[in-house]
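Chain by chain, the residues run as shown.
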Amino acid sequence: DVKVTQSSRYLVKRTGEKVFLECVQDMDHENMFWYRQDPGLGLRLIYFSYDVKMKEKGDIPEGYSVSREKKERFSLILESASTNQTSMYLCASSLPSGGQETQYFGPGTRLLVL
Amino acid sequence: SQQGEEDPQALSIQEGENATMNCSYKTSINNLQWYRQNSGRGLVHLILIRSNEREKHSGRLRVTLDTSKKSSSLLITASRAADTASYFCATAPNDYKLSFGAGTTVTVRA
Chain A
29 DVKVTQSSRY
39 LVKRTGEKVF
49 LECVQDMDHE
59 NMFWYRQDPG
69 LGLRLIYFSY
79 DVKMKEKGDI
89 PEGYSVSREK
99 KERFSLILES
109 ASTNQTSMYL
119 CASSLPSGGQ
129 ETQYFGPGTR
139 LLVL
Chain B
16 SQQGEEDPQA
26 LSIQEGENAT
36 MNCSYKTSIN
46 NLQWYRQNSG
56 RGLVHLILIR
66 SNEREKHSGR
76 LRVTLDTSKK
86 SSSLLITASR
96 AADTASYFCA
106 TAPNDYKLSF
116 GAGTTVTVRA
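Protein chains in written order, with the numbering used here: chain A, 29 to 142; chain B, 16 to 125.
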């Protein structure tokens, strides 16, 4: 069975802290994605990676960076957390063919920045 | 940027009734997908329909696609309490990534 896991379900951080969100998939997928989800705005793509050490900016990369050192793991980094980064963060993975095939999502991390 | 938009934003129905929601999009696509999200959880893939298909079924789900109108519909028949969730359409334009709409929240009343 396909599985994407995220390191935390809930996280509370202070403004200015460095925050790491981790995502692991066990399907040997090439593509991995980080989204944020806010009410009324749907899912917005932050970054995605199509291979180890490869990354591309999504629609809203500002204030975020990513790391993919191993195929199964994709990390999202908030260099200096701000209150407007309070959100639900969703990780997903998919087979190649760009990002157009079915994406498998993790359970999400709800981040609160105080 | 959001490519797909779902309509209505929210829907409340009685158990056993059918639920229909629509998705409109702006540019040509390779495929369109529907996902479900239960409260506070990740998204689960429901169905994918390719641009050369007009209708697809999966259990109690029926999806249609009209590429001339740039629209799709998702029908859930004989709804159950467990169908209470948000439903998102995701379009695959000719570049590399899916674009998700803001979703339709469906509430099924017992």
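The hints are simulated quantities; they were obtained by calculation from the structure and are not laboratory data. Just so we're clear, the structure is a prediction, and the values are computed from it rather than from any experiment. A portion of the hints provided could be inaccurate.
[As the list claims (entries may be wrong)] Cross-link-like lysine-lysine pairs, in silico, DSSO-like; alpha carbons within 27 angstroms at most: (1) B:K41 / B:K84; (2) A:K41 / A:K85; (3) B:K84 / A:K85; (4) A:K31 / B:K71; (5) B:K71 / B:K84; (6) A:K41 / A:K83.
Taking the hints in turn, this is what the structure says about them:
Simply put, K41 (chain B) and K84 (chain B) have alpha-carbon atoms about 10 angstroms apart, close enough for the 27 angstroms limit, and the pair holds. The straight-line distance between the Cα atoms of K41 (chain A) and K85 (chain A) is roughly 24 angstroms, inside the 27 angstroms bound, and the hint therefore holds. For the hint linking K84 (chain B) to K85 (chain A), the alpha-carbon distance of about 31 angstroms lies beyond 27 angstroms, and the restraint is violated. Using a Cα cut-off of 27 angstroms, the hinted pair K31 (chain A) and K71 (chain B) holds, with the two alpha carbons roughly 26 angstroms apart.
Pair hint K71 (chain B) plus K84 (chain B) holds up; C-alpha atoms about 17 angstroms apart against a cutoff of 27 angstroms. The suggested pairing of K41 (chain A) with K83 (chain A) holds, with an alpha-carbon distance near 26 angstroms, which does not exceed 27 angstroms.
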